[in-house]
Amino acid sequence: MAKVRGAVVVDNEVCKGCNLCVVACPSRTLALNRDVNSKGYHYSYMENPENCNGCTNCSAVCPDSCITVYRVKVE
Amino acid sequence: MPELAQKIRDIIKPENIVYAKSPLMNDDVMHYCPGCSHGVVHRLIGEVIEEMGIQDQTIGVSPVGCAVFAYKYIDIDWHEAAHGRAPAVATGIKRVMPEKYVFSYQGDGDLAAIGTAETFHAVNRGENIVMIFINNAIYGMTGGQMAPTTLVGQVTSTTPYGRNVDLNGYPLRITELLAQLPGAAYVTRQSVQNAAAVRKTKKAIRKAFEIQAMKKGTAFVEVVSTCSSGWKLSPVDSNKWMEENMFPQYPLGDLKDGTRADANDYSIKG
Amino acid sequence: MGELRLMKGNEVIAEAAIRCGCDAYFGYPITPQSEVMETLMALRPWEGSGMVVLQAESEIASIHMVYGAAGSGKRVMTSSSSPGISLMAEGISYMAGAELPCVIVNVQRGGPGLGTIQPSQADYNQATKGGGHGDYSLLVLAPASVQEMHDFVVLGFELAFKYRNPVMILADGVVGQMMEKVELIDQRPRWTNEQIAEISGSWAATGKTANRKKHIITSLEMDSSIMEANNLRLQAKYAQMSKEDVRYETIECEDAEYIIVAFGSAARICQKTVQIARSKGVKVGLIRPITLLPFPEKIIAEYATKVKGFLCVEFNAGQMVNDIRLAVNGKTKVEYFGRMGGIVPNPNEVEAALEQKLIGG
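Protein sequences, first through last, are from chains A, B and C. Going by this note's numbering, the letters in the first sequence line up with residues 1 to 75, in that order. Going by this note's numbering, the letters in the second sequence line up with residues 1 to 270, in that order. Going by this note's numbering, the letters in the third sequence line up with residues 1 to 361, in that order.
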């Protein structure tokens, strides 16, 4: 059975750390980073990248259009 | 770990993209506060315009309020209106260029307070425009004052003890009123607090633009939104507060879905 | 020779708009200029030239419809009377700030407030000193005949596009309501999209094509240094108006000892006063500013060294007289005579004022 795996790339400098993507993520992939970007925001990142299935819920709720989502089918 | 990093690198390839920012959304970092609904709705409008292939035929009308700078973010031609006058400006644009797509983008103060007359009469004329209405029950740009849609008891900087109906009157359900007008072809109320809601709102915006092409009358999309700075809540808590407090007052769904109600025949007979 | 007709001033505004290829009119009824839109609606230009005519819900909506439509690079206009122009002040300021061309007709009535529906020139200061907020100027044309009501619509659009600036035709209830013979221009087609692209293509918001950056019609700029530069650019434009587009008429000024300065229908009355005075042996001339902004200060300054005094005659409490005083700069006497509240003085009244205030005084 084919399984999907995903990954997200967050534009760290555009992210404002609003946390909406973290809450929207059904697979608990995302979290806010302890590090901050140049504006001082704790930007979002893949804390548990192995969980991501590329569902795009994070990019759907992102107000700053700073998330790109990738998905592949793996056997 | 290096194995995992390699796995991720294998996924992050252009051919595997399932969501990327629309090329119509430019690289300027939005001026909105973290978690602001405006950013989501801007993106949805940009995506709809891109998907319909109408970038070269669309003119947006931005309001006065937080979204005054909407013109910075979507790569289309824009016309920045005075406070509340966006429906009149959009009317002027559409009337001299009926073949173009014209949409206004307004907040609750702009659309439902200072611009109420322009809003009503544009819809009542059945202007073939799309009107996007962001209702977050507060004035964001000027620092969190009461809006016409502010809830009873809601604390704002001009209702510091909560909105009191004796002093301030009632929250205005302008969308319900507009749905009564024969010129309104499509009136819907949506939200963007989770992925499912965002996808529904995008469909509604797409439908609104398609109705414009069909010249059926005004297509009106309210988006019940958050203002975490104004509400003094985190973005996540704002969404909860919105679901608990805004949705009962402003229930989601289509208020009117049809063509212009020619059944409402007001012409003089005989 | 164009077609000759006997027409009302307000009607001819409509006729000239259609004939010069105007693209759209947005307005709201108000006395004494309601015939403008009535005439347009009766002529149904949308079936002929393709001109759009729309009755808005208010003067505020009218001017913002003009603001929107003007952003397309097309020729658009509105008309109103004094209280309505006050409501339009917001949109006029935005249009001046966003540098959009349009023609606005003000058929003045008496104020303040609801005032009266009788003729007046009490909006001189409003038209020439702002009216709305911010450092902007209109180009203001003052017609004194039905023919000029016609001609200034055509000229108004030329100037509006020359400067990308709103042009106001500051008429009054007299020229709006009176009937005269007028020679009409032949019907000209509206601009084609290709012409508009050539004339306004560098700024008009008509849909962003792949070969250019997006166009944004706005008066907003948060960066103070850019906003100051924007203001300086506007001021340079207004200076150019003063250099290139001052218009006035002089009548019997060559040998004059006294000069009356009057605009619009007041000038028509004063033309008769000049005749009456001259029949009595008093050498009186008349300067009629046609552009109230830019004001014809040079010609007045020139005559200031030649005459014994100026009498400014206006249907208001004395507004243009201040511009005359600035132009004269103390070199000779400047007096004012006027009536208010919708009263139009007669030529003998003006002649008596001339005797009393200048010649005898």
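By construction, these hints were calculated from the structure, which means they are not laboratory data. For every residue, glycine included, the Cβ atom is placed at its ideal position computed from N, Cα and C. Be a bit skeptical, because a hint or two may be false.
Said to hold, decoys possible - Taking CB as the label site, the calculated pair distances span: (1) B:D10 with A:V36: 26 to 36 Å; (2) B:E99 with C:A229: 31 to 41 Å; (3) C:G341 with B:F247: 49 to 59 Å.
In rising order, the numbers of the hints this structure does not comply with: Violated hints: none; all satisfied.
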